[in-house]
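K.L.:
Here is what each chain is made of, one letter per residue.
Number of protein chains: 6
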Amino acid sequence: MPMVQVTMLAGRTVEQKRKLAQRITDALVEEAGAKREAIVVAINEVSRESYATGGVLMADK
Amino acid sequence: MPMVQVTMLAGRTVEQKRKLAQRITDALVEEAGAKREAIVVAINEVSRESYATGGVLMADK
Amino acid sequence: MPMVQVTMLAGRTVEQKRKLAQRITDALVEEAGAKREAIVVAINEVSRESYATGGVLMADK
Amino acid sequence: MPMVQVTMLAGRTVEQKRKLAQRITDALVEEAGAKREAIVVAINEVSRESYATGGVLMADK
Amino acid sequence: MPMVQVTMLAGRTVEQKRKLAQRITDALVEEAGAKREAIVVAINEVSRESYATGGVLMADK
Amino acid sequence: MPMVQVTMLAGRTVEQKRKLAQRITDALVEEAGAKREAIVVAINEVSRESYATGGVLMADK
Numbered sequence: 001m002p003m004v005q006v007t008m009l010a011g012r013t014v015e016q017k018r019k020l021a022q023r024i025t026d027a028l029v030e031e032a033g034a035k036r037e038a039i040v041v042a043i044n045e046v047s048r049e050s051y052a053t054g055g056v057l058m059a060d061k
Numbered sequence: 001m002p003m004v005q006v007t008m009l010a011g012r013t014v015e016q017k018r019k020l021a022q023r024i025t026d027a028l029v030e031e032a033g034a035k036r037e038a039i040v041v042a043i044n045e046v047s048r049e050s051y052a053t054g055g056v057l058m059a060d061k
Numbered sequence: 001m002p003m004v005q006v007t008m009l010a011g012r013t014v015e016q017k018r019k020l021a022q023r024i025t026d027a028l029v030e031e032a033g034a035k036r037e038a039i040v041v042a043i044n045e046v047s048r049e050s051y052a053t054g055g056v057l058m059a060d061k
Numbered sequence: 001m002p003m004v005q006v007t008m009l010a011g012r013t014v015e016q017k018r019k020l021a022q023r024i025t026d027a028l029v030e031e032a033g034a035k036r037e038a039i040v041v042a043i044n045e046v047s048r049e050s051y052a053t054g055g056v057l058m059a060d061k
Numbered sequence: 001m002p003m004v005q006v007t008m009l010a011g012r013t014v015e016q017k018r019k020l021a022q023r024i025t026d027a028l029v030e031e032a033g034a035k036r037e038a039i040v041v042a043i044n045e046v047s048r049e050s051y052a053t054g055g056v057l058m059a060d061k
Numbered sequence: 001m002p003m004v005q006v007t008m009l010a011g012r013t014v015e016q017k018r019k020l021a022q023r024i025t026d027a028l029v030e031e032a033g034a035k036r037e038a039i040v041v042a043i044n045e046v047s048r049e050s051y052a053t054g055g056v057l058m059a060d061k
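Read top to bottom, the protein sequences are chains L, D, V, C, X and B.
Just so we're aligned: 44 in my numbering is position 44 of the first sequence, and the numbers increase by one with no gaps anywhere.
Just so we're aligned: 43 in my numbering is position 43 of the second sequence, and the numbers increase by one with no gaps anywhere.
Just so we're aligned: 45 in my numbering is position 45 of the third sequence, and the numbers increase by one with no gaps anywhere.
Just so we're aligned: 29 in my numbering is position 29 of the fourth sequence, and the numbers increase by one with no gaps anywhere.
Just so we're aligned: 8 in my numbering is position 8 of the fifth sequence, and the numbers increase by one with no gaps anywhere.
Just so we're aligned: 28 in my numbering is position 28 of the sixth sequence, and the numbers increase by one with no gaps anywhere.
One chain only, chain L, in its complex shape (with noise of 0.2 Å):
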């Protein structure tokens, strides 16, 4: 019962996160032989002021 949580910037549309929930389950079940139905992804979205890179909030950049 794998659990994936992603953590990236908001601003994807449903259509996006439905594919990526999509292609993740599936790798993760061909490649690692999990339960389909046991798999949960969880997509965990933060602001641009909430969210570094280099110690630069991407609201800077």
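Treat the hints loosely; a few may be bogus.
One copy or two, either will do: identical chains are not told apart, so a pair holds if it fits within one copy or between any two.
[Claimed, not checked] With a cut-off of at most 20 Å between alpha-carbon atoms, the simulated SDA-like pairs for lysine to any residue come out as follows:
{"id": "1", "residue 1": "K61", "residue 2": "E30"}
{"id": "2", "residue 1": "K61", "residue 2": "G11"}
{"id": "3", "residue 1": "K19", "residue 2": "V56"}
{"id": "4", "residue 1": "K35", "residue 2": "M58"}
{"id": "5", "residue 1": "K19", "residue 2": "E31"}
{"id": "6", "residue 1": "K61", "residue 2": "S47"}
Everything labelled a hint here was simulated from the structure, so no lab data went into it.
Starting from the known structure of chain L, fit chains D, V, C, X and B onto it as the hints suggest.
P.N.:
Chains D, V, C, X and B alone, transformed into the frame defined by chain L:
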């Protein structure tokens, strides 16, 4: 100082969250010997468009 | 399909983890209306060298 | 710079993890427009004594 | 490529988050030898109704 | 009561972790007004076989 993170669909009432936090904390104190005042519980709510099981968004079920 | 992640110091017995998982799951079923078979609980154990409160490693207390 | 955390039972081979990381990364690039080199995937393996579904440890099933 | 997730009550200003991300990143570069451009910091803000310590929601204190 | 989770490759010394925990805690106290004794830092170490950037395991680089 255990940290507990609960990821679930948005939509629970404050009273439901209150009870959840109480009971999870009680379980850690009584079963694992944790100090009550040191336990943190965070409830991370996700939307139906950001949560999938079996590769299908909750919004599509 | 709630996901629960518990981060705590290593060292609990299997029996303690068994009880913790049961009671956390019961709380989600009874207080938040979650379906029992859909609840996942993962216990993430960390060593005393990898866990700090108040800025001080547990290994140094 | 998306971060992906996969929590699953220990026991996958390196080849399985390699494929998982590739395919999850591909999905983020192709479906969500993420930059490949900015994607991080961490696989967090838990033991059967630290993972429960339906309130029952995997070790007890 | 270290990933840092900070879970805290909502309400910090952008300037506070900017400083936090800078200093956490500096610490990883200077103390752990991480490459600056590879460090991701995500700040996950939770409401007072979704955060409890000692089993009591912040909203009830 | 902020919770900080750092996910990074295994292999840091205790002294490195000690400094990291201190400085991350200091940053939260000084920049975000958090109470020192309420801050938890957990360092989650992953192996080179369980960590990928750009879709490639660290073990393969």
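K.L.:
Compare the structure with the hints numbered earlier in the document and write down the numbers of the violated ones, lowest to highest.
P.N.:
1
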